[in-house]
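With the hints as extra help, turn the sequences into a complete structure.
Positions 1 to 131 (the working numbering) are the ones given, in order, by the sequence shown.
You may find that some hints are simply not true.
Stated by the list, open to error - FRET-style restraints, in silico, Cβ to Cβ:
#1 117 x 80: 27 to 33 Å
#2 93 x 22: 21 to 27 Å
#3 18 x 124: 29 to 35 Å
#4 62 x 104: 35 to 41 Å
#5 124 x 20: 27 to 33 Å
Note that these hints are calculated values from the structure, not bench results. Cβ coordinates follow ideal geometry from the N, Cα and C atoms, glycine included.
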Amino acid sequence: MEIALFAVAGGWFAVRVVAMTQHPAVSRQHPTLPHGPAHSRLGCAYQATAMAAMVWMLTVMAARPAMPGMSTHAASAAATRALVATSLAVYFAIAAAIWLASARRRRRMPGSSAQALMSAAMGTAVVTLAW
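This is the structure we're talking about:
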């Protein structure tokens, strides 16, 4: 159930990114929203990636064997899992730094500090739960 929920949410953010990139003559003109970077194209792309990471993390947790390392297949799966987890952790660490930089700018964007905290938590969770 959770996997489906995160997959649908990730798809919704991905559709928003595509809708925001359409040519202005094709898409409707919307007024500029003062909500900050979470409602930008880059913010929606980040959210779509975070939802995809949650789908991956839940899938890995569900497929994890009871006694890892019992076969060569389990060893290669663990190596792949560790590589993906490390890549996602680096991604979320960079994203946290970007969100913090956005929060520190002269024009503070609402929600940037919270996004930075959640990005750091996602990076920690991916690394912790993938091993």
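Structure-based check of all given hints:
1. 117 x 80: 27 to 33 Å: holds, 29 Å
2. 93 x 22: 21 to 27 Å: With Cβ atoms ~32 Å apart, the hint is violated.
3. 18 x 124: 29 to 35 Å: holds, 30 Å
4. 62 x 104: 35 to 41 Å: holds, 39 Å
5. 124 x 20: 27 to 33 Å: Holds: the Cβ-Cβ distance is about 30 Å, inside 27 to 33 Å.
Violation of the numbered hints given earlier is confined to hint 2; every other hint is satisfied by the structure.
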